[in-house]
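Given the coordinates of chain A, work out where chain B should sit on it, guided by the hints.
Here's the letter readout for the chains.
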Amino acid sequence: MTTATVGAGHVPPRPRVRTSGGVRTVARYAFLIGAAALTLGPVIWTLWTSITPLDEATNTRFLSVGAYGDVFKQVNMWLLVWNSALVTLPTAFGAFLMRQYFLGLPTELSEAAAIDGAGPVRTFFSIFAPLSAPGLAIVGILAFNYHWNEFFRPLIMEISEENFTLPLGLVTLQGNLGTGSVATVLAGVVLSMLPALAVFIIGNRPLREGLTAGSGK
Amino acid sequence: MTATGTTPTRARGATASSAATRGGSRAPALMTWGFLAPTLIGLGLFTFVPIVGSLLLAFFRWDIITAPEFVGLANFVDLVADPMVRVSFLNTFGFVIVTVTLQLGIALVLALGVQSAMPTWLRTILRSAYFFPLILSAASVSLVMAYLFNGDFGLINQVLTTLGLPAVGWLTSGFPAAAVTVLVVYVWQNFGFTFLLFVGGLAAVPKEVYEACSIDGATGWRKFRMITLPLLSPTILVASVMAVISALQIFDQPYVLTRGGPGDSTRTAVMVIFESAFQQLQFGRASAIGIVLTLIIVAVTAVQFRLSRRFVFYG
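Residue numbers (our numbering), protein chains in the order written: chain A, 1 to 217; chain B, 1 to 315.
Chain A extracted, bound-state conformation:
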């Protein structure tokens, strides 16, 4: 307690750290931005290469979104999306995460509801379900991402190509020995990524706050 109050009024140590850090700050930024570039590099390369297919006659690249159309021509994209949406299995992880979330809610709420005459079902649906919405969002986002991208289980279970999910369809698109057109495969990768990206943009806030809260315990 005392250290905190002293710390608030005690300024000198801070500038000392800062002054020695002029060059260091630049190096730190360079490092962090470089790491971000390395992480995003393959993604940007994928986007770029999917819209600049190779003209084999002249061996030059040209700008075209034709590869995106080719994806739909070569595989039944809607069927793959539909199959991917159907893949879902209950996981213990979701139950674990929700339990953590419910433990954080005050028990007084259910007592108050009981005094007001609400039964357990009503208490759950009118009080705990709305309050646990952020927790449900996290479980929902993670479950969606997991099943959307799942490869191993569909690979085992789906024998006919009609039942393939997106990740399996993409690998088929590549063709045996990688004979598929590079631009088409990459266009497929970009298309398959869009729903997951949308879910993450929408769920960015609950996800970040939820994971932060969960790992602190």
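Don't read these hints as lab results, they were simulated from the structure. Even for Gly, the Cβ is constructed at its ideal location relative to N, Cα and C. Errors might be hidden in some of the hints.
[What the hints assert, rightly or not] If you want a taste of the chain A side facing chain B, the calculated C-beta under 7 Å gives, among others:
| no. | residue |
| --- | --- |
| 1 | Gly-34 |
| 2 | Ala-36 |
| 3 | Pro-42 |
| 4 | Thr-46 |
| 5 | Ala-95 |
| 6 | Val-171 |
This is chain B only, laid out in the frame that chain A set:
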């Protein structure tokens, strides 16, 4: 059902005055099981039943077509003698050690970096960038990386030759090139999750501790060693357990990138399970390998928790 369903409710309403002492922790049994039922039924059908089935199957020889034949421990004895199984398990262990170390190291450095003073917009961009590969499927990532690491026309070899360095057969030449490629692809995709856990863990460290620490004159490494590391240790434990469990089960990346080759240099334990069952139709053998792998995962996790008693500091 309605009778049993309403009785506890009524009883609860009647004793509303004593509800304060009972609290919300003691829900009626029917409620409890009602809430648990969907998950328990699903897990039972799709997880527990197959686990028991696989346990039994490990003692049989079965090719789906003919009836299973009881062979006792023969499947397990065969495993020990099989060099391919041994190589695949060794590959997996080596893989786990390197990926987990890299994943935790990279994530920790980046989480500490992002936590330091910087404009909010930059922090948001950096955080999203590190997190981004997580939203892609391992199959997509491996397809993209297969092109980037391609020996003939891949971008990485183009850069190498432009710099005057020799081109490398990233996916086609034996140990260690292909293994390194699989490893890089795996770490690239997965460090973001560990990073997120660490960012959360660092956010939970109280600011007062750092302030007190800098008043005492500690900076840089000492601050990290004495404050950050101990306070972050519970998160590090969770992150390392999760990273080890998922790395022990690696399949997607080597399957799409190399199919286990060249030779057996990137063949992992789960790949051998998959090939034994669905390509060679040796389901008993596949189950036996699966059981061995599961036991290893349980043992490693137990060791991690045991070791954590010495290193993890809880508040």
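Checked hints:
1. Nearest Cβ of chain B to the Cβ of Gly-34/A: about 11 Å, over the 7 Å cut. The hint is violated.
2. A distance limit of 7 Å between C-beta atoms decides the matter here; for Ala-36/A the minimum to chain B is near 4 Å, and the interface restraint holds.
3. With a least beta-carbon distance of about 6 Å to chain B, the hint placing Pro-42/A at the interface is held under the 7 Å criterion.
4. The interface hint given for Thr-46/A is met, as the beta carbon of that residue sits about 5 Å from the closest beta carbon of chain B, less than 7 Å.
5. With a least beta-carbon distance of about 5 Å to chain B, the hint placing Ala-95/A at the interface is held under the 7 Å criterion.
6. Against a cut-off of 7 Å between C-beta atoms, the interface hint on Val-171/A holds, since the closest Cβ of chain B lies about 6 Å away.
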